[in-house]
Structures are given as C-alpha cells and as structure tokens.
Amino acid sequence: MALGDFLTLATIAGAILLLTPLLGRYIHRVMEGERTFLSPILRPVERLVYRVSGIDEAAEQDWKAYTVSVLAMALVAIVAGYVVLRLQDVLPFNQGGIAPMSPDLAFNTSVSFETNTNWQNYSGETGATYLTQAAMLAVRNFTSAATGLAVAIALIRGLTRRSSKTLGNYWVDLTRGILYILLPISIVGALVLVWQGVPQTWDPSHAVTTLQGGKQLIALGPVASQEIIKEIGNNGGGFFNANSSHPFENPTPLTDWLEIVGLLGLSFALTYTFGRYAQNQRQGWTIFGAMAVILLVGAIGAMHVESTGNALLPAGVDSAALGNMEGKETRFGAALGGLFMAATTGTSTGAINSWHDSAQPIAGLVPLFNMELGEITPGGIGAGMYGMLVIGAILAVFIAGLMVGRTPEYLGKKVESFEIKMAMLTALVLGASILGFTALASVLPDGLKGPLSAGPHGFSEILYAFSSQTGNNGSAFAGLTGNTPFYNVTGAIAMLIGRYGMIIPILALAGSMAAKRRVAPSLGTFPTTGILWSVLLMGVVIIVGALTFFPALSLGPIVDQLLQNAGKLS
Amino acid sequence: MTFLRQRLWPAIALLIAFTFITGVVYPAAVTVIAQVAFPRQANGSMLVVDGRTVGSSLIGQAFSDPRYFWGRPSAAGANGYDASASAGSNLSTTSKALIDRVSAEIDRLRAANGDAPIPVDLVTTSASGLDPDISPAAAEYQVARVAAARGVSVDAVRAAVARHTEGPLFGFLGEPRVHLLELNLDLDGLLQ
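Chains as they are written, first to last, in the numbering used here: chain G, 39 to 608; chain Y, 16 to 207.
One chain only, chain G, in its complex shape (with noise of 0.2 Å):
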C-alpha cells in the first residue's frame, strides 16, 4: 500500500464524517415529515401521489399493518418485475433483438432487485432491453432502498417512542424516502456521472471500425440515471456485465472516489438519524464507531493484500509495483480495487470495480466475512442500521446484561425475552440461509455444476453466492455459473430468506419496544454511549459472525490461501 492509497482511505473517512451529520439531520427532518428546502417542488407531488394513491399520510400503522404493507409491496412488485422480464422482447425499447428472460432466470432477478439485492445471472448488455433496465430495475433500485430505509426508521421510532401503537406509516415512509432522499441525490450525480464520461443515450449500440480494422459494437443506454442510484440505494446491479469495472459505468479515479462515497455515505447517515430520534448524538455515533472500525480494518487488509502480487505467477513478470492485478483496471489499480471491495460488501450494494474471483484467497475472505456479518458495517442503506441495532445492539445489552446480573435496557427500554427471540431469530435465519444452501449446492450434482473452479476456491463460489444472496448484497465470485434452474431457484429463495426473515422478526420488536415505557436509568444501567459499549457491539458482531461461519470459511478461502502459499495450483 502507497501513501497515496492512505491518502484516498482519508479522504473518504473525512467525506464520510462530513456527511454525516448533514445527512442524518435531512433524513431525519424528511421523515418526521418537516419542512426542507426541497419542500416548495416535491410537497405537491408527494401530495399527489398520496391521492392517487388513496393513502391518508396523517393514519400511523402498528406494526403488523406496517409489515403487511412491506409485504404488499415486495409481492406486487416481484410479480409486475417478472412481467416484464418475461416480455421484454415485445415490450418498447428493446434496442436489439434481446430476448425475454426464462422463468427461473426471470423470478431469480425479479426478486434479487426488489430485495435490494442485485445478484445478476444475466449479462446486462445482452440480456435486458432499456425498458427494463430504466422502467423496471431500476425503479425497484429506489423502491428497495426506501423501503430498507422505512423498516429502519420504523425500528428506530419503535426503540426510541414511549408506549407508542405505531411506528408509521410504510407509505409515506416510501414516498419520502424516494421524493425527498434518493431522487435528489440521483439527479445532481447521475449528471457528475455524465460529466465524466459515464454515457445517457436512447441511442443502440454503436459499430465502429477499429484502428487495426477490425468491428467493435460498443454497448451504450441510459446508463448514468442508472448507476448513481445503484451506488446510493446500496443496490449494485450494473447496467453492463463487468458492473463498475466497466469504464463506462465508472471512467475514472473521480468517480470511482464518487461511488464509494455515495455506497457509504447514506448508511453512514443514518446513525446520526439514530441519534436525533434518540435525542443523544453519542448513541449515533458510537454505532457509527463501531461500523467504521470494522469497515476499516478489512478494507486496508485488503488494499494491502492485492497489493502484493501473485506469487504463483510465472517468472519475468514483474509486480512488484502494481500487485495483484489479474481482473482489477489500470485506472484504479490494485488498491482500490481492494477497497471497493470492502465498502461494497460491508454494505449490501454488490457493485464491483473488480472482481472479486480473482483477488488473493485472503483478501476474498474480507468480502465474504463483511456480508456474513449481516452487512452491518455500515450495512445496506436502512437494512445496515436494523441489522446492526437488532443482531449488535439488542444482543450486545443482553449479554451485558447478563454479565451484571440486570435485565437488559436500551434507550430506557426493557429488552425482554420476546425482543431476545426476535433479535435470535434474525442472526439464525442469515446462518441457516447461507450454510444450508452452501451445504445443499455442494452435495446435489446440480450444485456441483456450478463452480469454475475445483477444490477449495470453488468452495468459496458457492459460499459467496449464498452469502451475497442471503445477505441481499448481489456481489459475485463470479467463477460460478448461476443461470441454471437449480441456482435460480435456491438463490431467489435465499434472497427472500435474507431479507423477509430479517425484516419480519425486526418489526415485531419494534412494536414490542414502542409500546414499553421508559425506565430512568439507574446505577446499574450499561451505557450504551462510549468507547467501552463500542467495543462491546464489535465484539458481539464478530464473535457472532466468526462462530457461525468460521468453519466453512477454513474450508473455502482459508484452505485456499495455504494451498497459495504452498504454491499448489487447481
């Protein structure tokens, strides 16, 4: 690692702590509904679109109408995508004979979008029309960001109100996430996008005849209003099939430094949001604390780690300057192809700027360990701040609790057992989704067909794709070849696993907590302020994590970087 890699690091730490506040105190006026400077344009459009929705923003929901209203949506919304999916070969703007998707293809990439996920078993210069990139993947880009944000806010009203019935409406939630939040941000990037170099066009794919003479048809579309919000909504689905490495998604340092920002800075945000509704900035930003360190520890392993060369490669090449270089662009080089990596799946967005296949086994294990967490750290935009509150927090004052011999508080509340059963059951779902259906691909010759790779790394396929799909982050260890019925199935399965099982159990603790009183702390409260309750919540995240996953991830990278440095080839 260069003083230059460090540098970038720093330079986007202090984005981040810039942002932060700003952010956080917008999200926060935006969804307790007061007014911003954006109000005067969007007021009468969320006004309009309340009416003709037939939604009354004034009328809070409990939390079972606010879960049934999650669930209502994600159902319409997965069987309108898989519509469109299916007929997009007929459907306007297709911009050269693509064809529509197959069944198991459709459903696996109608659910991974609106779960916020992105895993893509289809190329997308061949395998999705303009249509439906703009007016169907991409507006389930905004929808499942707002609604991870919504079921966030939701959680944080639950801990944070007083004998409260409601946490909400889900509606409005969504429409002000969207309206005042994602749009916004979307329109003033996309165009910085555009600026520098990322293509907007309805035009089809351009021919050109090359320097030496041969044909190049070059790939364009709407690309720009698609990559921003892929970024920011923590969504990661790319227009093209190699995502961000692409140089038309992402054309430069600039944007490359753009991007990172943008996949952090939301989920970053929200623990100053955190700490507005709990009126204590120090609540906020010990979480924040705890996610940056974590974050930060795995990206510069990992910048340090593809910064070294392959060993392995033959001699009279020389990489001792630019590392590990296999699958990563010149533009960004080894380093930051390490550090997307870690922001890119320490929250749930999934885009790449390289791919993650051909990083050194122990620099893949960073990727692998952030989504195994729950992508807490800083996590998807919304999903990141539940996960964190419910699998750290909620069992990081339990078993504090524990230690003093109290029953556990958060924010003056009571954890009781049902919050323990709900917060258990989030940690549970994630580890059975990933290691059930690792376990399932890797006995069934369905599963066995899928990985590139024999042994140990191609372990590793199969335990990434699982973990990215459960995690809802949609990055890939690309070597597996998932467009088949097999992995279609189980993955889309996995998706609503990751996401439905998390969110479900986290709404029912929130309507548990909000209907608690508040206690006033006493001598035997454990502050949940501080640098002792920060290290507390790291630990519990990754001693969590590490005996959940631990095992499979010595079969897979583990295994794989000793055979590396035996030197052993598969």
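Rather than coming from a laboratory, the hints here were simulated on the basis of the structure. Predicted model only: the values in this text are computed from it and were never measured. Check each hint, because a few of them may be wrong.
Said to hold, decoys possible - Below are the SDA-like pairs computed for lysine to any residue, each with C-alpha atoms no more than 20 Å apart in a straight line:
id: 1; chain 1: G; residue 1: Lys253; chain 2: Y; residue 2: Asp170
id: 2; chain 1: G; residue 1: Lys606; chain 2: Y; residue 2: Ile114
id: 3; chain 1: G; residue 1: Lys606; chain 2: G; residue 2: Ala492
id: 4; chain 1: Y; residue 1: Lys111; chain 2: G; residue 2: Lys554
id: 5; chain 1: Y; residue 1: Lys111; chain 2: G; residue 2: Gly605
id: 6; chain 1: G; residue 1: Lys554; chain 2: G; residue 2: Ser201
id: 7; chain 1: Y; residue 1: Lys111; chain 2: G; residue 2: Pro352
id: 8; chain 1: G; residue 1: Lys102; chain 2: Y; residue 2: Trp24
id: 9; chain 1: G; residue 1: Lys554; chain 2: G; residue 2: Gly450
id: 10; chain 1: G; residue 1: Lys102; chain 2: Y; residue 2: Leu23
id: 11; chain 1: Y; residue 1: Lys111; chain 2: G; residue 2: Asn603
id: 12; chain 1: G; residue 1: Lys253; chain 2: G; residue 2: Pro242
id: 13; chain 1: Y; residue 1: Lys111; chain 2: G; residue 2: Pro242
Place chain Y on chain G using the hints.
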C-alpha cells in the same frame, strides 16, 4: 376485501406512480440535461477522425500490429475487447488455467520485445475486458519495439507516450496510466 383495498391497492398505485416518476421522468430528465450539457460524454466519448468514428476514448481496442502499442489481454467476448460483452476471466490466483495463459502471453511478448521483465498488467486480463489504459511501465516496455517498427527515434515515441500519460488525480487518487487508443492515433498522426 379490506386487505385488497388497504394494502394491495396502495402497493399497486405506488408502484405505478414510482415507475412513472423514477422510471420515466427521472431518466428522461437526466438524458435531456446530459445531452445538452455534455453531449460528447453522454454519447460514449467517441473519437472522430476525418468524419469517421474510430472508437471510444474510454473503451479499449485490440492491438497486435508491432507499430502500435499493445493493451492488456482481454476476456471480453470470444476474441477479446468485445464492447458488447464486458467480462473478466474470473480465474483464481491458484488456477492452472491462469498460469498457462500468462505463460503463453510471456512467450508472445518476449518474441516481440526481448527479455526485459514484463509489467504485470500486460499479462493479466482487466476487470472489464475493455481497459482503455496501460501502466507507464507497460508503455516503456514497448517503446523500443514501436520505434523500430515505425523507423522513428525512441525519443519521439517516448514523447508521444508522455503526451497521453495521465497521473493520479491531485497526485494521489487512482494510478498513473497511458491512454492507448489516443496514443496510437497520435503515432499515426491522426489526432488533431
């Protein structure tokens, strides 16, 4: 019926509303502004020489003629540099297929350029398969060959390389790189 009215109808109505707002109005508005403000970039940063489009400055092309600087191996499409099939090799660091491919690449480069150590980017595939750049070291490695093939001085070729070398932004962000298509156009005297 209550479920239908209270839950499904808002879901259907909102999906339609947001398909219109974020799926039609938003991309259309961005397209209009982009096409007016940044027409070159919005249409793919195409390079036009004498009225003929020779490629995009952002998309790499295959070069094998000794008179041109060569780019990185590419896994995009069957023959590489297929700009409608971006892809990496996805080969793992311990893969025998990777080592065999790199060995073949080393033989090809040595035959044309001599026995100097080969910068690693020249034997590894990029992530997109469309990398438009090579490292300055990879350009330097090829300078003597290009100069000899063109019958010009090494210094003249080096000066051309320097004209198309871009450093990291603000001195630290990203890697130094040489824009290959622009460099080769310049060598042909086609760049205005």
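Status of each hint after checking the structure:
1. Distance restraint check for lysine 253 (chain G) and aspartate 170 (chain Y): the Cα-Cα separation of roughly 32 Å exceeds the 20 Å cut-off, and the hinted pair is therefore not satisfied.
2. As the CA atoms of lysine 606 (chain G) and isoleucine 114 (chain Y) are separated by approximately 11 Å, the hinted pair is consistent with the 20 Å bound.
3. Distance check on the hinted pair: lysine 606 (chain G) and alanine 492 (chain G) sit about 12 Å apart at the alpha-carbon level, within 20 Å; holds.
4. Restraint check: the Cα-Cα separation between lysine 111 (chain Y) and lysine 554 (chain G) comes to about 61 Å, which exceeds 20 Å; the hinted pair is violated.
5. For the hint linking lysine 111 (chain Y) to glycine 605 (chain G), the alpha-carbon distance of about 11 Å falls within 20 Å, and the restraint holds.
6. The hinted pair formed by lysine 554 (chain G) and serine 201 (chain G) meets the criterion: a straight-line CA distance of about 5 Å does not exceed 20 Å.
7. Restraint check for lysine 111 (chain Y) and proline 352 (chain G): satisfied, since their Cα atoms lie roughly 11 Å apart, inside the 20 Å limit.
8. A hinted pair counts as satisfied when its Cα atoms are at most 20 Å apart, and lysine 102 (chain G) with tryptophan 24 (chain Y) qualifies at roughly 17 Å.
9. A C-alpha spacing of about 10 Å is found between lysine 554 (chain G) and glycine 450 (chain G), which places the hinted pair at or below 20 Å, so the restraint holds.
10. Taken as a hint, the lysine 102 (chain G) and leucine 23 (chain Y) pair is honoured in the structure, with Cα atoms around 15 Å apart against an allowance of 20 Å.
11. Between lysine 111 (chain Y) and asparagine 603 (chain G) the alpha-carbon distance is near 15 Å, which keeps this suggested pair within the 20 Å criterion.
12. About 16 Å separates the Cα atoms of lysine 253 (chain G) and proline 242 (chain G), which keeps this hinted pair within 20 Å; it holds.
13. The suggested pairing of lysine 111 (chain Y) with proline 242 (chain G) is violated, with an alpha-carbon distance near 39 Å, which exceeds 20 Å.
When each numbered hint is compared with the structure, violations occur for hints 1, 4 and 13.
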